[in-house]
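Peer 1: The primary structure of each chain is shown beneath.
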Amino acid sequence: MKLLIVEDEKTLSDSVIKYLGKDYLCEQAFTFHEAVEKSEMYEYDCILLDLMLPDGNGLDILSHIKNNSPQAGIIIISAKDSVNDKVEGLKLGADDYIAKPFSLPELSMRIYALIRRKNFANNNITKAGNITIDLLSRTVTVADKKIELTKTEFELLFFLVENKNKVISKSSMAEHLSGDMADMMDNYNFVYAHIKNLKAKLMSAGAGDYIKTLYGSGYKWDEK
Amino acid sequence: MNDFIGGKNLSYSTLRQFIVFTVIIFLLATPVFYFLTRSYYAEELMDVIKGERIAQNISSTDLEEDIMTGVMIQYAIIIVLLGLSMVITLKFITRKLWNPFNDTLTKMEGFNLEQSEIPVFEESNITEFTRLNKAVSQLISRDKTVYKTQKQFTENASHELQTPLAIVKCKMDLLMQENLNSKQFILVSEIYGIVTKMGRINKDMLMLAKMENSQFAVNKTIELSGFIRKRLPVYNDLRGRGKVIFEDKSDGFSITANESLMDSLINNLVINAIRNTVPYGEIIISATADYISISNDAKNGPLDSTNLFSRFHHTADFQHSNTGLGLSIAKAICDYHKWDLAYIFSCNKHIFTIHFK
Chain D
1 MKLLIVEDEK TLSDSVIKYL GKDYLCEQAF TFHEAVEKSE MYEYDCILLD LMLPDGNGLD
61 ILSHIKNNSP QAGIIIISAK DSVNDKVEGL KLGADDYIAK PFSLPELSMR IYALIRRKNF
121 ANNNITKAGN ITIDLLSRTV TVADKKIELT KTEFELLFFL VENKNKVISK SSMAEHLSGD
181 MADMMDNYNF VYAHIKNLKA KLMSAGAGDY IKTLYGSGYK WDEK
Chain Z
1 MNDFIGGKNL SYSTLRQFIV FTVIIFLLAT PVFYFLTRSY YAEELMDVIK GERIAQNISS
61 TDLEEDIMTG VMIQYAIIIV LLGLSMVITL KFITRKLWNP FNDTLTKMEG FNLEQSEIPV
121 FEESNITEFT RLNKAVSQLI SRDKTVYKTQ KQFTENASHE LQTPLAIVKC KMDLLMQENL
181 NSKQFILVSE IYGIVTKMGR INKDMLMLAK MENSQFAVNK TIELSGFIRK RLPVYNDLRG
241 RGKVIFEDKS DGFSITANES LMDSLINNLV INAIRNTVPY GEIIISATAD YISISNDAKN
301 GPLDSTNLFS RFHHTADFQH SNTGLGLSIA KAICDYHKWD LAYIFSCNKH IFTIHFK
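Keeping their order, the protein sequence lines are chains D and Z. Per our numbering, the very first residue in the first sequence carries number 1; after that it's consecutive. Per our numbering, the very first residue in the second sequence carries number 1; after that it's consecutive.
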């Protein structure tokens, strides 16, 4: 899976690579010029695109890339967070939109979801340990036994599995569940309650104890 | 009438007008004086002269008395005419002269730094008024520029901060992947929480700045019932213990609003209620065709309503919001849509109501 990160802020681009580097073949472009060149020369599965580049208008870049690599999924990374910008970007052919400041687990999740959507035929089932997750029907089975999860629990499970072996902060989890509303709360204890329920359901169905809690403030999907 | 005004200063123009009108009125009144003289006290004098000429005996006359009365009448008429001229000048003619001034005044009274354009004043050839208009125009355009720069600054600052915040957040995500011990991990988590909070403040400020710049279009028809119902599961997720209840009496009622602002308004008020309610307390959202109200059980007594909606206002007994901006954002959004946001305390409940008017 090839990923192109178009972002003029090098530190941010590097951080993304450091987090995603094991799962994807990542390349960087720091300018409009570079982005156009690379998208003409290579094929990418997904392109992360910051619309505010020093040497070009964001929307031009989008249409350029769309022409050069129609097969690539495009996720806009933007400092502007408004419905209008979002609608505008999606209208021009972007597939998803993530506003700064985002967390790496969230970004990773979005990339995965997008790539899966692009070639959905072969990739609807995700396995994690002895758990099988069917993304199309949104069902979870443990050793052929279906378990009933609430929508929130399903979201949490999928988020953890998608960031396998990575530590996810409670705050990223909260943000994933409730979007903008999470950071209005003064604590993320509601995440803990849902994790507890999810853990109990998985355990009683005979799944391994994969969800590790780190000092009460982080979580990790660990199959070891 | 402007021909009377002339390109001079105010007192000169007024004096000139007054003189011109007095002359006109006196010219008009000349027949009256002629008639008065001809047929009243001068009549006797003329009789005397005529009698002299034909050497006739003059019958006794009331000459003295007639002259006195005539002079008094003449005097009275002059006073009346002068007065009339003054009244006409002040009442009708100077009103015209002062028109540009009144125009300037009206435009200044109606001026609003946030919304109005720089007003175009009526032209005048009175030097004082020209000076006034020029001074006012300069003052307003200077204020406008300062105001615009300031607004732009808030918006730009918030925008510029998003990328550094994103970098910090991503670095924290990376730091968490290192095998940290419990002390380190908890420190990192705390910083993570603070960075998240900074991101929130930044987003809120950006939203306020954009509202001040009128950058949100109010163009979406929102059906209240569906809008709230869609968000209810997330509210209940956040609530954890206790329930968020929706009492729907809106009967399919719709409002016209900006969708992202409406979203932020309801979220802010509901989360405010969640954060300030007692454990297991009920949060009730009710919607009708006139209002949406959100109520929660109070931990303490009524809130001090004076500073409730002001920015960054913190009180000990009431957690305004995580950032100190929640309720002021709600208020600003209501103002933006010309709705009314009211707070009441009743039956030991805090109740916030959005009246759609």
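It is possible that some hints are incorrect.
The calculated BS3-like cross-link candidates involving lysine-lysine, where the alpha carbons are at most 27 Å apart (straight line), are [to be verified]:
#1 Z:K197 / D:K86
#2 D:K22 / D:K10
#3 D:K127 / D:K91
#4 D:K196 / D:K127
#5 Z:K183 / D:K80
#6 Z:K171 / D:K80
#7 Z:K210 / Z:K183
#8 D:K201 / Z:K151
#9 D:K86 / D:K145
#10 Z:K210 / D:K212
#11 Z:K134 / D:K80
#12 Z:K171 / D:K164
#13 Z:K144 / D:K80
#14 Z:K197 / D:K212
#15 D:K196 / Z:K230
#16 Z:K8 / Z:K107
#17 Z:K230 / D:K80
#18 Z:K151 / Z:K210
No lab work stands behind these hints: they were computed from the structure.
Peer 1: Decide, hint by hint, whether the structure agrees.
Peer 2: Now the hints, each set against the structure:
At most 27 Å may separate the alpha-carbon atoms for a hinted pair to count; K197 (chain Z) and K86 (chain D) meet this at roughly 23 Å. The hinted pair formed by K22 (chain D) and K10 (chain D) meets the criterion: a straight-line CA distance of about 19 Å does not exceed 27 Å. In summary, the hint linking K127 (chain D) to K91 (chain D) is not supported, as the alpha carbons are separated by about 34 Å, beyond the 27 Å threshold. Distance hint between K196 (chain D) and K127 (chain D) is fulfilled; the C-alpha atoms sit about 21 Å from each other, no more than 27 Å.
For the suggested pair K183 (chain Z) and K80 (chain D), the alpha carbons sit about 36 Å apart, so the restraint of at most 27 Å is broken. Among the hinted pairs, K171 (chain Z) with K80 (chain D) is consistent with the structure: their alpha-carbon atoms are about 21 Å apart, no more than 27 Å. Proximity of K210 (chain Z) to K183 (chain Z) is assessed by CA-CA distance (about 41 Å); at most 27 Å being required, the pair is judged violated. At roughly 52 Å between alpha-carbon atoms, K201 (chain D) and K151 (chain Z) are farther apart than 27 Å, so this suggested pair is violated.
Using a Cα cut-off of 27 Å, the hinted pair K86 (chain D) and K145 (chain D) is violated, with the two alpha carbons roughly 40 Å apart. In summary, the hint linking K210 (chain Z) to K212 (chain D) is not supported, as the alpha carbons are separated by about 42 Å, beyond the 27 Å threshold. Between K134 (chain Z) and K80 (chain D) the alpha-carbon distance is near 40 Å, which puts this suggested pair outside the 27 Å criterion. For the suggested pair K171 (chain Z) and K164 (chain D), the alpha carbons sit about 18 Å apart, so the restraint of at most 27 Å is met.
A hinted pair counts as satisfied when its Cα atoms are at most 27 Å apart, and K144 (chain Z) with K80 (chain D) qualifies at roughly 25 Å. With a CA separation close to 25 Å, the supplied pair K197 (chain Z) and K212 (chain D) stays within the 27 Å bound. Annotation: proposed proximity of K196 (chain D) to K230 (chain Z) holds, straight-line Cα distance about 25 Å (limit 27 Å). Annotation: proposed proximity of K8 (chain Z) to K107 (chain Z) holds, straight-line Cα distance about 24 Å (limit 27 Å).
Distance hint between K230 (chain Z) and K80 (chain D) is fulfilled; the C-alpha atoms sit about 25 Å from each other, no more than 27 Å. This hinted pair checks out: K151 (chain Z) and K210 (chain Z) have alpha carbons roughly 9 Å apart, not beyond 27 Å.
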